[in-house]
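A.B. asks: Heads up: the protein sequence lines correspond to chains A and B, in order. The end of the first sequence is residue 743 by the numbering used here, with every number in the run present. The end of the second sequence is residue 253 by the numbering used here, with every number in the run present.
Worth flagging that the hints you see were computed from the coordinates, not collected in a lab. Everything numeric in this text was worked out from a predicted model, so none of it was measured. Any given hint could be a false lead.
[What the hints assert, rightly or not] Stretch by stretch, here's where chain B covers chain A in the computed footprint (C-beta under 8 Å, at least three residues): (1) 188–200; (2) 503–513; (3) 661–667.
[Said to hold, decoys possible] Computed cross-link-like contacts, BS3-like style, restricted to lysine-lysine with a CA-CA straight-line distance of at most 30 Å: (4) B:K10 / A:K88; (5) A:K248 / B:K10; (6) B:K94 / A:K248; (7) A:K91 / B:K15; (8) A:K504 / A:K448; (9) B:K2 / A:K91; (10) A:K448 / A:K521; (11) B:K10 / A:K90; (12) A:K88 / B:K15; (13) B:K94 / A:K90.
All residues carry an ideal CB built from backbone N, CA and C; glycine is no exception.
Chain by chain, the residues run as shown.
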Amino acid sequence: MNQLIKAIRAEFIRLMKKKTTYILMLCHIISIALCFVPYLQRQLRIFMNDGFDVIASGTNEYIYRPFVIGSLAGSILWGIYVLASADKEKKNNSREMVSAFMDERKHSFTRIMAFLGVAILDTVLCMLVFLPVCMKKMDYLFQWKTYIIYPLILMLAGIVMTVFLMEGLYRLSENTIVSLLVFGILTAVQFTPAFKNSIFVRWNLPQELPVSDTVGSAGILRILIYTRIILLLCSICIWSLASLFIRKYQYGPVRSFLVSLKKPLRLTVPVLCALIAAFMVAGQPFIDHGPLVVEDIGNVFETSWDLAAECSHVQRDYYFDTVRGTIRGTYKLDIEETAKQDLEIYHNAGIKIKHLTFNGEEVDFTTHFRKEDALKTSLSDVYSAFRLPEGSTGELVCEFEGYPTQSRTNYKDWEYSCANRTVGPDYIYLHADIVGMEGVGNAPYTSKTRIHVPTSHVPLADGFEMKKVEDEEGGITCWETYNDYAIIMSSPNEICDIDYDKAKVKLAYNQKNGYAIRKYKLDEAASDVLRYCDDHIGTLNTDETNRITIELVSSELGGGYASDGNAVIDESVLSAENLSDQKDGANGNETFMHEIVHLFLGDLGLPFDDDGLWSCEGMTVYTTYRIVKEKYGALYAKKYYSDVWEEVVKKQNNNFYLRNPGYLDKLPESYKNSILSSIGTDNKYCRMPLMLLKAEQILGEEKMDAVIQELYARRNEYYMNGGCCTFEDFLNAAGLEKEDLEL
Amino acid sequence: MKKIIKYEAKIILCKPYVPILLLINLLYSYYLLSADIILGVSDTAPFSGWSFGKYMGSGVLWTFLLSLLILITSNAGRKNVAVLTNVTGISPKKLNLVRSLIVTVFFLLSCLLIFLLGCVFLQTLFQTIRIGAYLAAFLLTALPCAILIIGFGTVAGNLHPAFGYVLIVLLLAVSLFAAAGIGGGYLLDAAGASYYETVSGLLESFEASETPFVIRGGYVLARSLYACLGIAVFWFGYTGSGKKDRFLSRMLS
């Protein structure tokens with residue numbers, strides 16, 4: 001052992017005395033520095049986000065992405081150095097000398113340890129060099145915790161994997177070209193569309209996941225740490241296996257391996273590493289391990305909650321382990337009469353029902369994935385089925401616990417996201433599919449929901465404030481609401497009133513964003529949009545409490561939506577780039593406006609038919625264009641809105657499969673769906689706004705406003721009749737023919 | 001001579017990474033067809049000459065680089081045995097030519113495999129292929145590279161392997177830049193793949209009609225220049241190769 005430590009020390013000192021080591025460190029620092037050059041920063045942003053120039057959070061821009069690039073650059077630089085250094089020993093015949101007093105396997109290990117020491121030094125140096133830059137750029141959003149964690153798990157882990165991998169590849173092949181080729185292939189494979197979304201393949205160029213500036217993104221951190229551990233285990237497995245092939249007695253690789261196997265204990269490390277990695281992949285808690293579902297975005301959050309039982313009272317209690325990210329709780333139902341014997345409770349696949357009792361007696365249940373109709377399967381949903389005597393009355397108590405997962409389908413196709421289900425110390429965001437979170441049956445019943453969150457949190461249920469009940473032990477506070485709800489968002493929130501005289505509009509945001517809200521007067525901007533819509537569309541629809549909340553959530557959400565009196569927008573609209581950049585196209589500020597406009601146009605205001613072209617999105621995009629035109633001028637609106645729509649529509653008209661629909665049927669289903677989905681998105685976000693613009697050019701702005709106002713005024717009529725605003729309604733109101741708007 | 005060819009073919013091609021990389025190249029070609037070409041290049045039909053040209057060019061580029069790599073690695077270490085090979089009945093320049101011809105045949109056969117894969121894929125999926133346009137694309141992308149391989153093969157033995165690696169990286173960089181429309185565009189592209197994407201994009205009329213497949217004179221000229229470069233290197237190598245080896249062998253003896 002002493003000899004091993006001495007050898008590691010000697011190897012480390014040898015490396016530190018080499019000029020090459022310092023040149024590589026300098027190259028590494030330069031490669032990271034390039035990520036801060038504005039032009040390259042934009043190009044990298046586009047590259048890392050599948051061609052979209054989406055400004056994410058400051059953490060993504062100044063910490064995550066530079067250190068991901070640092071991981072790739074460091075991996076290439078140190079990988080080649082490890083290889084060159086190993087090959088040099090072979091070329092100058094010093095291997096024979098070394099192996100005379102030390103086992104080659106041990107020598108390989110000492111080299112790895114020495115390189116790891118250098119890699120740690122290199123990482124610390126890079127972090128020190130970029131610390132002042134990041135502190136300045138991130139300003140009041142800079143967090144030490146974030147700055148230390150991400151470089152370590154993204155960059156250092158990537159370099160460590162490379163050192164193990166390259167040493168292993170060289171010991172296996174004894175050939176620099178083969179080692180370099182395999183390294184090149186393993187690196188290049190990450191750039192291919194087939195694997196770029198696979199977090200288990202992105203070893204030295206991790207995916208860019210949206211990370212929050214304010215709330216730490218605990219869910220993403222967990223998945224990153226988990227996958228990096230798996231990849232590290234794989235690289236250790238490769239090295240330890242390859243070290244068994246180290247040539248002995250001038251034998252070839254196979255005979256040397258057989259000689260090494262005379263000590264079978266040497267297989268312990270590779271087998272153990274492979275087994276642990278395999279178990280970790282197979283049992284990862286982040287996905288549902290369910291069937292792959294044909295993706296239908298419309299159904300992602302659509303769940304069935306009908307218990308087929310009459311209840312008089314429902315009570316839910318949710319407790320959170322913010323470190324592990326788990327939820328536990330109870331779900332109590334006072335059942336008055338069951339309509340049928342076989343009952344089902346729908347819940348997230350990661351949540352396991354621990355006990356189900358009826359009137360104090362255990363009830364047997366079985367949990368199943370919903371496979372009956374793949375197209376209608378709600379993602380990441382399971383149901384637990386049980387049987388009660390028909391017409392029975394009593395208290396059903398369900399105790400559950402687990403880590404909320406997301407669908408395997410999403411995981412495969414969209415890359416990992418914690419957008420809808422995350423539990424962390426600074427942020428809890430849960431969607432409808434946790435046990436019992438939405439309503440039960442159709443009969444009237446009373447409902448009480450209690451959530452137990454860290455004391456610093458101010459939770460919102462569907463955007464509405466909850467009632468504080470009591471402070472509990474361990475820095476936990478209990479909050480209560482008497483409504484059924486779909487979304488819980490709990491964080492150290494501040495809530496302020498928006499100046500709008502026709503309804504109580506509130507803006508909820510994380511305390512850390514308070515500075516930006518006040519500096520950039522976003523409350524006033526929201527008020528401006530509301531007033532514009534008031535003047536040009538109509539009065540805002542609210543519920544019986546006449547309240548609406550605009551909620552700023554973690555940038556993990558990536559966009560926004562509006563529903564149930566609640567406009568949800570991700571906090572990246574508050575990033576310094578988004579707030580200061582008004583020349584660089586339709587940016588996050590305008591997303592902010594877009595989502596507020598949805599309060600008027602969409603499920604909360606005027607309901608729209610969605611026929612693949614005519615939709616609330618198209619009308620909202622057009623309205624945002626009008627606001628932007630009024631705010632920033634016609635030239636800006638033309639450049640970043642109407643010109644973009646025209647370009648997309650022109651491309652769409654020329655699309656081969658649109659010109660020749662017959663060939664679409666010849667394509668495999670997945671390609672067909674992908675093309676149709678892309679056409680659908682372009683239709684809603686570009687073709688329809690362009691058609692509305694054409695209508696505006698025919699009618700004039702004032703008449704166009706009058707048409708929209710007329711349609712908006714019919715919203716209650718639509719609600720009463722269960723209808724929605726169709727393209728025909730618009731044409732009739734405008735006095736236009738379909739042909740007039742053809743593009 | 002037959003024995004020498006068989007022996008050299010065995011030495012050059014029977015290396016574990018050759019079939020592995022060839023297989024990877026074929027898988028990549030299939031992936032390209034099923035993920036990229038299937039959608040059509042610049043809104044042309046997936047079975048148009050444009051789409052096939054882009055597919056063929058991309059496949060040829062990687063095969064070309066693989067062939068250069070094989071040439072470089074097969075020459076590494078040969079200097080140690082130059083003393084022996086130089087005194088055999090066959091002259092070093094002929095031996096170099098044999099080696100480069102073997103690699104060129106390997107390259108052309110690999111390209112033919114990629115070509116057939118593309119034809120079978122498109123015929124199976126769309127029941128339509130345009131063989132004339134495909135052949136034109138095949139010849140324009142693969143032939144100049146084949147001539148370059150012959151030329152490079154005749155001089156590779158006298159070059160430092162590092163030069164070969166730098167050349168590969170340079171060719172790859174130029175081709176990737178050409179695909180991104182940077183630098184000389186398709187005029188510098190080693191396999192000429194970017195021509196099909198760039199020019200079809202330029203000719204796209206946006207009038208809901210198919211872009212006609214045309215081969216521009218400039219492209220033919222660029223490909224001919226590549227071929228001429230190969231011939232020039234071959235001429236230089238064939239007339240000059242071996243001198244250094246003979247000089248070395250005299251010195252060593």
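A.B. asks: All the hints need checking, so say for each whether the structure fits it.
C.D. replies: So, going through the hints one by one against the coordinates:
no.: 1; hint: 188–200; result: holds (count 3)
no.: 2; hint: 503–513; result: violated (count 0)
no.: 3; hint: 661–667; result: holds (count 3)
no.: 4; hint: B:K10 / A:K88; result: holds (29 Å)
no.: 5; hint: A:K248 / B:K10; result: holds (27 Å)
no.: 6; hint: B:K94 / A:K248; result: violated (39 Å)
no.: 7; hint: A:K91 / B:K15; result: holds (21 Å)
no.: 8; hint: A:K504 / A:K448; result: holds (25 Å)
no.: 9; hint: B:K2 / A:K91; result: violated (35 Å)
no.: 10; hint: A:K448 / A:K521; result: violated (37 Å)
no.: 11; hint: B:K10 / A:K90; result: holds (26 Å)
no.: 12; hint: A:K88 / B:K15; result: holds (23 Å)
no.: 13; hint: B:K94 / A:K90; result: violated (33 Å)
Consistency with the previously given hints fails for numbers 2, 6, 9, 10, 13, ordered from lowest to highest.
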